[in-house]
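Visitor: Now for the letters of each chain:
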Amino acid sequence: MTPNLVILCAAGMLVTAYLMVGQKSLFTTIRLYAAQSLLLATVAVVMAISDARPHLFVMATMTTVLKGFLIPMFLMRVVDRIGIHREIEPFLNVPTSLLACLGLTVVGYRVSTGFPEGTVGVTHHVLGVGLSTLMIGLFLMVTRKKAITQILALLTVENAIFLVALGITSGMPLVVELGIFFDVILAVLVLGVLVRRIVDRFESMDISRLSKLKG
Amino acid sequence: MDDTIFRAVVYALLQGAGMLAVAPLLRGTIKKMKAAMQTRQGPPLLQGYYDLAKLLRKETVRSEVASWVYVAGPRVYFATALAATTLVPVLVAMAPLEGAGGILGLIGILALGRFALAAASLDTGSPFGGMGGSREMTIAALAEPALMLGLFTSALAAGSLDLGAVVRSALAPGVVFQPSDIFALSGLFVVLIAETGRIPVDNPATHLELTMIHEAMLLEYAGPDLALVEWASAVKELLYITLLIDLFMPTGIATLVAPVPLLVAAAAWAGKVLVFAVAITLVESTNAKLRLFRVPELVAVSLGLGFLALAIRFL
Chain A
9 MTPNLVILCA
19 AGMLVTAYLM
29 VGQKSLFTTI
39 RLYAAQSLLL
49 ATVAVVMAIS
59 DARPHLFVMA
69 TMTTVLKGFL
79 IPMFLMRVVD
89 RIGIHREIEP
99 FLNVPTSLLA
109 CLGLTVVGYR
119 VSTGFPEGTV
129 GVTHHVLGVG
139 LSTLMIGLFL
149 MVTRKKAITQ
159 ILALLTVENA
169 IFLVALGITS
179 GMPLVVELGI
189 FFDVILAVLV
199 LGVLVRRIVD
209 RFESMDISRL
219 SKLKG
Chain B
166 MDDTIFRAVV
176 YALLQGAGML
186 AVAPLLRGTI
196 KKMKAAMQTR
206 QGPPLLQGYY
216 DLAKLLRKET
226 VRSEVASWVY
236 VAGPRVYFAT
246 ALAATTLVPV
256 LVAMAPLEGA
266 GGILGLIGIL
276 ALGRFALAAA
286 SLDTGSPFGG
296 MGGSREMTIA
306 ALAEPALMLG
316 LFTSALAAGS
326 LDLGAVVRSA
336 LAPGVVFQPS
346 DIFALSGLFV
356 VLIAETGRIP
366 VDNPATHLEL
376 TMIHEAMLLE
386 YAGPDLALVE
396 WASAVKELLY
406 ITLLIDLFMP
416 TGIATLVAPV
426 PLLVAAAAWA
436 GKVLVFAVAI
446 TLVESTNAKL
456 RLFRVPELVA
466 VSLGLGFLAL
476 AIRFL
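For the record, the sequence lines run as chains A and B. Take the first sequence: its letters are residues 9 to 223, numbered as in the working numbering. Take the second sequence: its letters are residues 166 to 480, numbered as in the working numbering.
These are computed hints drawn from the structure, not numbers from a lab.
In silico DSS-like pairs for lysine-lysine, Cα to Cα no more than 27 angstroms straight-line: (1) A:LYS220 to A:LYS153; (2) A:LYS153 to B:LYS454; (3) A:LYS32 to B:LYS454; (4) B:LYS219 to B:LYS199; (5) A:LYS32 to B:LYS199; (6) B:LYS196 to B:LYS454; (7) B:LYS454 to B:LYS197; (8) B:LYS196 to B:LYS219; (9) B:LYS219 to B:LYS197.
Some chain A residues flagged as far from chain B (calculated, every beta-carbon gap over 12 angstroms): (10) ALA56; (11) ASP88; (12) LEU182; (13) VAL183.
Label-pair restraints from in silico Cβ distances: (14) B:SER228 to A:GLU97: 40 to 50 angstroms; (15) A:LEU78 to B:ALA276: 40 to 50 angstroms; (16) B:LEU447 to A:VAL115: 27 to 37 angstroms; (17) A:LEU194 to B:ALA432: 47 to 57 angstroms; (18) B:LEU211 to A:ASN12: 35 to 45 angstroms; (19) A:VAL115 to B:ALA306: 25 to 35 angstroms; (20) A:LEU194 to B:SER325: 50 to 60 angstroms; (21) A:MET81 to B:LEU321: 41 to 51 angstroms; (22) A:SER33 to B:THR169: 49 to 59 angstroms; (23) A:PRO11 to B:GLY324: 17 to 27 angstroms.
All residues carry an ideal CB built from backbone N, CA and C; glycine is no exception.
Full structure from sequences and hints, please.
Guide: Below, the structure written as structure tokens:
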């Protein structure tokens with residue numbers, strides 16, 4: 009039962025990453041990120057119970073509260089305030105992006121077999137899914153124009169790293185994880201401010217305009 | 166030998182009749198739940214049956230220029246939907262006519278029905294019919310490979326293209342859950358939405374000419390012809406849901422034909438169909454209809470997920 013639940017949630021995270029690539033509404037992307045974080049929290053809870061690692065409960069709670077609710081709400085408010093065009097404009101069109109992500113997933117799975125822990129059973133799938141999500145996150149960051157989607161891609165990468173850490177190690181020490189959480193909050197806040205500055209300056213969130221110098 | 170064939174035929178007839186009888190109820194349930202989410206009262210649960218009865222009593226009105234293709238369309242569509250029900254295990258972990266065809270047979274039969282209806286929609290030469298037919302085929306051309314990839318993922322695990330064998334292997338003890346199942350399920354759920362004309366893809370409740378897909382094909386039909394198509398569409402919807410249940414949550418299905426397991430299986434099946442109905446209602450209520458040119462992107466996602474599921478099986 010336990011490995012099934014872990015695999016279910018981990019694969020669910022990869023599915024949300026795919027849906028992020030596959031659709032264009034900004035709000036849905038933010039909601040997908042929230043769903044992904046909740047799935048991650050579920051993985052953490054299941055591992056905490058099955059391996060008797062109580063400090064993972066703290067992580068799960070923080071993931072749920074922060075990444076499942078606060079950060080998505082904050083991002084939605086930023087989008088609302090700015091009142092931008094609510095569609096994502098990727099550099100690559102959706103079918104091409106999906107194809108690229110398919111390739112990335114295959115690579116992620118293949119690479120995961122290289123880890124000594126990654127060759128069998130649950131760890132194989134968790135690692136494969138984690139690495140694939142990581143690469144899809146990086147891909148999103150490269151191919152999306154809007155600053156908000158870049159933040160979301162960064163957060164996806166962060167979720168994926170968390171998942172890989174859960175899969176390989178028996179969880180990082182609590183202090184390290186708290187530090188990471190603090191970093192994430194700070195990054196989102198700073199980037200949120202930055203997005204508004206970009207919009208003020210360029211009247212658009214399109215970061216490809218940043219390459220034009222403005223005196 | 167004769168006896169087994171006789172039994173298979175009786176079983177197939179019973180299952181087909183059962184699916185025909187239950188299908189309109191599923192649509193009614195979804196409509197009722199949608200209405201509840203919009204704090205409306207909605208039509209009564211049995212409205213689907215009333216509508217069918219009314220349509221079947223009406224006289225047949227056909228265009229003067231309609232040829233036999235127009236007449237055959239709804240009939241072939243209905244017949245294929247009914248034939249497809251005999252290839253899918255519903256209550257027992259065995260399809261009634263398992264020897265007649267597996268996954269490929271099922272997909273082929275469904276494609277035949279769709280082709281017949283699209284061809285019929287072109288027959289009278291009305292622009293709406295042709296438009297609807299072309300749109301339906303555009304979406305089907307993408308949804309069908311997605312359906313095949315999703316089904317093949319399960320077939321690969323079972324080592325057989327027979328749906329009954331797929332279900333039996335999923336029930337075998339010690340089968341572990343695979344991430345590829347999630348991908349296949351997500352992909353097939355999108356196919357379910359697209360093929361049954363549910364909201365992000367098509368809106369079953371509207372007749373607005375610019376947006377409709379499935380309904381546009383049927384504009385010319387009236388009376389018993391229309392009833393056949395509506396009924397077959399409802400059966401198809403139930404069929405797709407049953408297919409997803411068979412592949413991904415077969416627990417509870419009867420492995421031998423006896424009263425108690427059959428009752429348990431019926432209850433489990435009804436419960437699981439209801440779960441899918443709730444999921445469809447939620448999707449329909451929380452999403453806006455996609456622009457037509459966005460639909461291929463959505464279906465491409467499901468195609469990607471199906472392909473991914475298949476790829477992960479090998480890695």
